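**Student:** What follows is the residue order along each chain.
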Amino acid sequence: MSPAVTTSSEATERAVTGDVSSATASAAASAAAVAEASGLQTITMAKALNTAMADAMEADSSVLVFGEDVGRLGGVFRITDGLMATFGEQRCFDTPLAESGIVGMAVGMAMNGMRPVIEMQFDAFAYPAFEQIVSHVAKMHNRTKGAVKLPMVIRVPYAGGIGGVEHHCDSSESYYAHTAGLKVFTPATVADGYRMLREAIDSDDPVMFMEPKKLYWSKDQVDLGALRAEHAANASAGSSSEGRAAVARPGTDATLIAYGPSVPTALAAAAAAAEEGRSLEVIDVRSIVPFDDETVCASVRKTGRAVVIAEAHGFASVSSEIVARVQERCFHYLAAPIRRVTGFDVPYPAPKLEHYYLPSVDRILDAVDDLQWEN
Amino acid sequence: MTISADHEAQGLADARPDDSEVNDQASEVRRKFGISVEDYMLPARHQIQMVDPSGTLKPEAEQGTEPGHEYPIPGDAELMAAYEQLVVGRRVNDQNSALVRQGRMAVYPSSHGQEACQVAAALCLREGDWLFPTYRDAVAVMSRGVDPVETMTIFRGDWHGGYDPTKHKVGIQCTPLTTQLLHGVGVAHAAKLRGEDTVVLAMCGDGATSEGDFHEALNFAAVFHLPVIFFVQNNKYAISVPLSHQSVAPSLAHKAVGYGMAGERVDGNDLVALLAVLDRAVKLAREGSGPLLIEAHTYRMQAHTNADDATRYREDSEVAEWTAKDPISRMTSYLTGRGLLDDGGSTRIAAKAEAVAAQLREGLGEDVPVDPQNLFRYVFSTPTSQLKEQSALLADELAREASSQKEAGK
Chain E
1 MSPAVTTSSE
11 ATERAVTGDV
21 SSATASAAAS
31 AAAVAEASGL
41 QTITMAKALN
51 TAMADAMEAD
61 SSVLVFGEDV
71 GRLGGVFRIT
81 DGLMATFGEQ
91 RCFDTPLAES
101 GIVGMAVGMA
111 MNGMRPVIEM
121 QFDAFAYPAF
131 EQIVSHVAKM
141 HNRTKGAVKL
151 PMVIRVPYAG
161 GIGGVEHHCD
171 SSESYYAHTA
181 GLKVFTPATV
191 ADGYRMLREA
201 IDSDDPVMFM
211 EPKKLYWSKD
221 QVDLGALRAE
231 HAANASAGSS
241 SEGRAAVARP
251 GTDATLIAYG
261 PSVPTALAAA
271 AAAAEEGRSL
281 EVIDVRSIVP
291 FDDETVCASV
301 RKTGRAVVIA
311 EAHGFASVSS
321 EIVARVQERC
331 FHYLAAPIRR
341 VTGFDVPYPA
351 PKLEHYYLPS
361 VDRILDAVDD
371 LQWEN
Chain Z
1 MTISADHEAQ
11 GLADARPDDS
21 EVNDQASEVR
31 RKFGISVEDY
41 MLPARHQIQM
51 VDPSGTLKPE
61 AEQGTEPGHE
71 YPIPGDAELM
81 AAYEQLVVGR
91 RVNDQNSALV
101 RQGRMAVYPS
111 SHGQEACQVA
121 AALCLREGDW
131 LFPTYRDAVA
141 VMSRGVDPVE
151 TMTIFRGDWH
161 GGYDPTKHKV
171 GIQCTPLTTQ
181 LLHGVGVAHA
191 AKLRGEDTVV
201 LAMCGDGATS
211 EGDFHEALNF
221 AAVFHLPVIF
231 FVQNNKYAIS
241 VPLSHQSVAP
251 SLAHKAVGYG
261 MAGERVDGND
271 LVALLAVLDR
281 AVKLAREGSG
291 PLLIEAHTYR
301 MQAHTNADDA
311 TRYREDSEVA
321 EWTAKDPISR
331 MTSYLTGRGL
341 LDDGGSTRIA
351 AKAEAVAAQL
361 REGLGEDVPV
371 DPQNLFRYVF
381 STPTSQLKEQ
391 SALLADELAR
401 EASSQKEAGK
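Protein chains in written order, with my numbering: chain E, 1 to 375; chain Z, 1 to 410.
Just chain E, with the same shape it has in the complex:
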């Protein structure tokens, strides 16, 4: 049997010479089927992420997807649905139930020419892999003076708002953001689900890809064909949206800074504020590491007021980092201290209590009201 898997560079060569393996050919056929449906269509974030992986696997046979239940089942959230059927069991497969093993094996594969995209089933289930992530994934490039690159993506369904039982709703992004050597992305829109996951897979550096699980079934109208074309154009131009925040809603009176699961909440708060005559700008951070100081600070300098919103506990978190950065850079533009609306500093609550814990529209509007308005 001829191997269905090649290194990244070989894949490029093959694509150029038109010499594709059977697995790649069947993948191309399935991608063609998806491509037929180009033009605007309503899809979920789950579908966008799934399509991003399928497209990346089709483009490069060194891209592998593995983890717990990602094969025949398609993942407990169905994000890897159909990948095993399309690309075969060599390229999308289930592993034994051991998160450190999954990450550690991915490190070795990335050292040896592959681009693993691995799934940690839930935020809190990734903790057994913490040593591999902190001691190896984050440091390998640095300790070898760049000789070893680890092009790998660790997908983590994270955060709450789904009524999950304990250990299924943690906001673990701060642990990773605090670790030098990891990039940390978190999409909040369907289009970003596709766009950012493809960029994460393309990255030569390891990426913690934090997927807000309560947004998996959020829908939006997107043009997958256009997103593919955008990705191809960016890839050939060597540009990406890494380290770029987005203005999710323009406004003039105050800035709401949010990421991942908190972006829709911030947008809802801005919509409610608009009805009361207050114009709030919403910034979607998107890329926690690297962080886009420029876009965030430009907005705060313009509005002079800011509220940072995150589900995670506020203490020693990404939200505290954002406040510190904005304060250092925008102090003289501020009309009021920056406020935060975050989860309380308590373990993630049981389903019937999470409503009290999570940042809500009302709590955000209260924080906005506290920004020392003159009238």
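One or more hints might be untrue.
Simulated restraints, written as ranges between beta carbons of each label pair [claimed, not checked]:
hint, chain 1, residue 1, chain 2, residue 2, range
1, E, Ser135, Z, Asp76, 42 to 48 Å
2, E, Val346, Z, Glu287, 54 to 60 Å
3, E, Gly146, Z, Ser210, 31 to 37 Å
Taking lysine-lysine and the DSS-like style, the derived pairs with C-alpha atoms no more than 30 Å apart in a straight line are [as the list claims (entries may be wrong)]:
hint, chain 1, residue 1, chain 2, residue 2
4, Z, Lys388, E, Lys145
5, Z, Lys283, Z, Lys58
6, Z, Lys236, Z, Lys58
7, E, Lys145, Z, Lys325
8, Z, Lys388, E, Lys149
9, Z, Lys406, E, Lys149
10, Z, Lys167, E, Lys149
11, E, Lys219, E, Lys352
12, E, Lys302, Z, Lys388
13, Z, Lys192, Z, Lys283
14, Z, Lys236, Z, Lys325
15, Z, Lys167, E, Lys145
16, Z, Lys283, Z, Lys32
17, Z, Lys352, Z, Lys388
By construction, these hints were calculated from the structure, which means they are not laboratory data.
Here the structure is a predicted model, which means the values were calculated and not measured.
We put the CB at the ideal spot given by N, CA and C, even for glycine.
Given the coordinates of chain E, assemble chain Z onto it according to the supplied hints.
**Tutor:** For chain Z alone, kept in the frame of chain E given last:
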């Protein structure tokens, strides 16, 4: 509810989708080795030892071999090449310990006494194969052809790793115990998916077998049927804690059967037996027999590092016992007895060892200037704006420091 023997037997064959694979393995083992799969996976009743501590070749019946666990003696050329590395390895260990005492290196975890394991682990592999060493395996790394000074960079203190792992196919010397075994599993898995016949040898110590990643690595390698040799140097102590506090298994090699792989015990101070056992393991792995677990019985003759005091946890008499089992004197005496080694050969090998020692003294003796900007250069493939800012901050700080020193010098 009690689980009866009947319950165990009932319908298991139908319930397990992979049962046919297990049966395939059993019949493959029977065809290839003429023994049951259990007898193949369980280590032989005794460790494999070919040359006794006095340097005498043991009669074949007393070498510990059994049907299906047979080990031919390696060829003369292989033995002589290995012996040369053995002598160099001892010299390297002693030279490095001296350099630590002179303050030229921060620390050195010596493999003094374990050099036979070090050499065999490196020499059993082919050029395209991979080695995954620990912090104590510098001699194995050098035996694979990595430059001695580059190998020692990790302990010199100017950077974490001094060699390119992909160039030499040697993982960076790993400190977090057994985490590197999984990297070896991943390298083997990637190679297997591409249809390459790469073999990986991943090293760890006896204490490390208590770590969770030891379990995960062996299980992954077995489930994915990968050509990985897990090579455990059982040197009896994890810093101060003896093996009896780590495991009460009959032996560490017995753990193999629990994962569905073959295990074997070997005298870790007998270079002949080590080469025989590891050569066969590499051959089996390359042929597609899956992973193997090899436990070598050896002894850490010196303290854990220069910062450790071994007299607090072990008796001199125990150390003396192992001095008598030294891997080098045993091999010297065996090869001399066989007529393979004479004074001329000994002189040549000693000179080679001295040359490596001189290289270490020279390389580690010089003060390598460090570049503070390297702090930021290798965190990511391209520095982030935050790192560029911090790099500029440091550059500015250093420039001001330099100009104030210049000022003061006037």
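**Student:** It remains to establish, for every hint, whether it holds in the given structure.
**Tutor:** How the hints compare with the structure:
1. Ser135/E with Asp76/Z: 42 to 48 Å: holds, 43 Å
2. Val346/E with Glu287/Z: 54 to 60 Å: holds, 57 Å
3. Gly146/E with Ser210/Z: 31 to 37 Å: For glycine 146/E and serine 210/Z the Cβ distance comes to about 34 Å; the hint holds.
4. Lys388/Z with Lys145/E: Holds: lysine 388/Z and lysine 145/E sit about 17 Å apart, inside 30 Å.
5. Lys283/Z with Lys58/Z: holds, 24 Å
6. Lys236/Z with Lys58/Z: holds, 25 Å
7. Lys145/E with Lys325/Z: Outside the cut-off at roughly 41 Å; violated.
8. Lys388/Z with Lys149/E: holds, 20 Å
9. Lys406/Z with Lys149/E: violated, 41 Å
10. Lys167/Z with Lys149/E: holds, 13 Å
11. Lys219/E with Lys352/E: holds, 26 Å
12. Lys302/E with Lys388/Z: With a Cα-Cα distance of about 25 Å, the restraint between lysine 302/E and lysine 388/Z holds, given a limit of 30 Å.
13. Lys192/Z with Lys283/Z: holds, 15 Å
14. Lys236/Z with Lys325/Z: holds, 14 Å
15. Lys167/Z with Lys145/E: holds, 13 Å
16. Lys283/Z with Lys32/Z: holds, 13 Å
17. Lys352/Z with Lys388/Z: violated, 47 Å
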